[in-house]
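In case you want the letters, here they are:
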Amino acid sequence: MAFDSFSAFLVMEGHGPYVWACYGVFFVLMIAMMVWSVHRRKAAIESCRRGYEFQADRSEQQAARGSAASFTRVNVSQD
Amino acid sequence: MWQFFHKLGSPKWFFGIATRLMPWLLAGGVLLLMAGIVWGLAFAPKDYLQGNSYRIIFIHVPTAFIAQSIYIMMAVAAVVTLVWRMKLADVFVKAVAPVGLVLTFLALFTGAVWGKPTWGTWWIWDARLTSMLILLFLYGGVIALDRAINDEKSAARAVAILVLVGVVNIPIIKYSVEWWNTLHQPATFKLTEKPSMPADMWVPLLLSVLGLYLLFGWLACLRMQTEILFREQRTRWVKDYVMAGRG
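Protein sequence lines correspond, in order, to chains F and U. The first sequence runs 1 to 79 under the UniProt record's numbering. The second sequence runs 1 to 247 under the UniProt record's numbering.
Hint data in this document are derived by calculation from the structure and do not stem from the laboratory. Misleading hints may appear alongside valid ones.
Cβ pair distances, simulated, as ranges [claimed, not checked]:
#1 U:Tyr48 with F:Lys42: 45 to 55 Å
#2 F:Lys42 with U:Arg147: 13 to 23 Å
#3 F:Glu53 with U:Val38: 39 to 49 Å
#4 U:Val76 with F:Ala64: 51 to 61 Å
#5 F:His39 with U:Leu21: 16 to 26 Å
In silico negatives: residues of chain F with every beta carbon more than 12 Å from chain U [claimed, not checked]:
#6 Arg58
#7 Arg65
#8 Val76
Calculated lysine-lysine pairs in the BS3-like style (CA-CA distance at most 27 Å, straight line) [said to hold, decoys possible]:
#9 U:Lys239 with U:Lys153
#10 U:Lys239 with U:Lys12
#11 U:Lys116 with U:Lys46
#12 U:Lys153 with U:Lys12
#13 F:Lys42 with U:Lys153
#14 U:Lys239 with U:Lys87
#15 F:Lys42 with U:Lys239
#16 U:Lys174 with U:Lys116
#17 U:Lys87 with F:Lys42
#18 U:Lys12 with U:Lys87
#19 U:Lys87 with U:Lys153
#20 F:Lys42 with U:Lys12
Cβ coordinates follow ideal geometry from the N, Cα and C atoms, glycine included.
Bound-form chain F, shown alone (with noise of 0.2 Å):
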């Protein structure tokens, strides 16, 4: 240990606050931009998920329709 007491290893004779201030500051950033990249990546993953269910629901509603209009019997008169 290089200091004799906690209250002179937070002191760090007067260069306390210089030292706090840049690992303060050097772990909020580290943290906030590790959390952030997780976050970006889940929500990637999510806006896929998202875009590739309307793409079901669309194709599945297309299919409905298709299927509904090629049963349609159109009458043409044989007059």
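With chain F's structure known, arrange chain U on it following the hints.
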């Protein structure tokens, strides 16, 4: 060799490798960084000249060092983008530029706060400091240029050219402390010489540099995966991956 090269260009292959590597990179990075920082803050001896303010070195040197090596890696990726049109190289540049920006900012910030008790000033237009500020602007420029161009291929080419033009700044940063009579102290580590500081100071510094490197590796994998998911969302394997994760 060529097969490996082609595989490396395949986003799907990279995605799988990254998934397997990431837990190790994160665990190793956090462990080494914390070990280096705790050792440096509480156990390393005081500097005879600068007192305790020198303890900022355990984050200042890693952030500055990795901020520069990210730029060199981006330049290599830019060459690959321009010559071989490898998709993954462009994904890398896009994914890591914001990380480089944050690390450059941290290097400048910790340097300024260290400068106050040591030099008596927060900022001076010294060669090392100015060239680092230019690096910050280069990262900002890369991100802005990429966002400004909608077409993926033109954006990749434009960004690659900007990165390559900016690479001239890297040797200027490195040698600024030798070419000009600056306030900034010379390099802490040199490959060719034994460190001039005691082991109790340089071992924790080395640990925190390695730790931050691994953390950068984790961030790069994570952010590249995000970019790949966006770009490849029309492919079968991304669809399978996304839909499998839900169930």
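Hints and how they fare:
1. Judged by the Cβ atoms, the range 45 to 55 Å given for tyrosine 48 of chain U and lysine 42 of chain F holds: they are separated by roughly 49 Å.
2. In this structure the hint that lysine 42 of chain F and arginine 147 of chain U lie 13 to 23 Å apart at CB holds, the actual value being about 21 Å.
3. Distance hint check: the CB atoms of glutamate 53 of chain F and valine 38 of chain U are about 47 Å apart, consistent with the given range 39 to 49 Å.
4. At about 53 Å, the beta-carbon gap between valine 76 of chain U and alanine 64 of chain F stays in the expected band of 51 to 61 Å.
5. The hint said 16 to 26 Å for the Cβ distance between histidine 39 of chain F and leucine 21 of chain U, and at roughly 20 Å that hint holds.
6. Non-interface call for arginine 58 of chain F relative to chain U: holds, since the shortest CB-CB distance, roughly 15 Å, exceeds 12 Å.
7. Look at arginine 65 of chain F: its CB is around 24 Å from the nearest CB on chain U, clear of 12 Å, so calling it non-interface holds up.
8. No Cβ of chain U comes within 12 Å of the Cβ of valine 76 of chain F; the nearest lies about 43 Å off, and the non-interface call holds.
9. As the CA atoms of lysine 239 of chain U and lysine 153 of chain U are separated by approximately 23 Å, the hinted pair is consistent with the 27 Å bound.
10. Pair hint lysine 239 of chain U plus lysine 12 of chain U holds up; C-alpha atoms about 12 Å apart against a cutoff of 27 Å.
11. As the CA atoms of lysine 116 of chain U and lysine 46 of chain U are separated by approximately 18 Å, the hinted pair is consistent with the 27 Å bound.
12. Between lysine 153 of chain U and lysine 12 of chain U the alpha-carbon distance is near 19 Å, which keeps this suggested pair within the 27 Å criterion.
13. Pair hint lysine 42 of chain F plus lysine 153 of chain U holds up; C-alpha atoms about 25 Å apart against a cutoff of 27 Å.
14. About 19 Å separates the Cα atoms of lysine 239 of chain U and lysine 87 of chain U, which keeps this hinted pair within 27 Å; it holds.
15. For the hint pairing lysine 42 of chain F with lysine 239 of chain U, the CA-to-CA distance comes to about 15 Å; that is within 27 Å, so the pair holds.
16. Of the supplied pair hints, the one linking lysine 174 of chain U and lysine 116 of chain U holds, its CA atoms being roughly 23 Å apart against a limit of 27 Å.
17. Note on lysine 87 of chain U and lysine 42 of chain F: the hinted pairing holds, with a Cα-Cα distance of about 22 Å set against a maximum of 27 Å.
18. Straight-line distance between C-alpha atoms of lysine 12 of chain U and lysine 87 of chain U comes to about 12 Å, which keeps the hinted pair within the 27 Å bound.
19. With a CA separation close to 9 Å, the supplied pair lysine 87 of chain U and lysine 153 of chain U stays within the 27 Å bound.
20. A hinted pair counts as satisfied when its Cα atoms are at most 27 Å apart, and lysine 42 of chain F with lysine 12 of chain U qualifies at roughly 18 Å.
Hint check: no violations occur; every hint is consistent with the structure.
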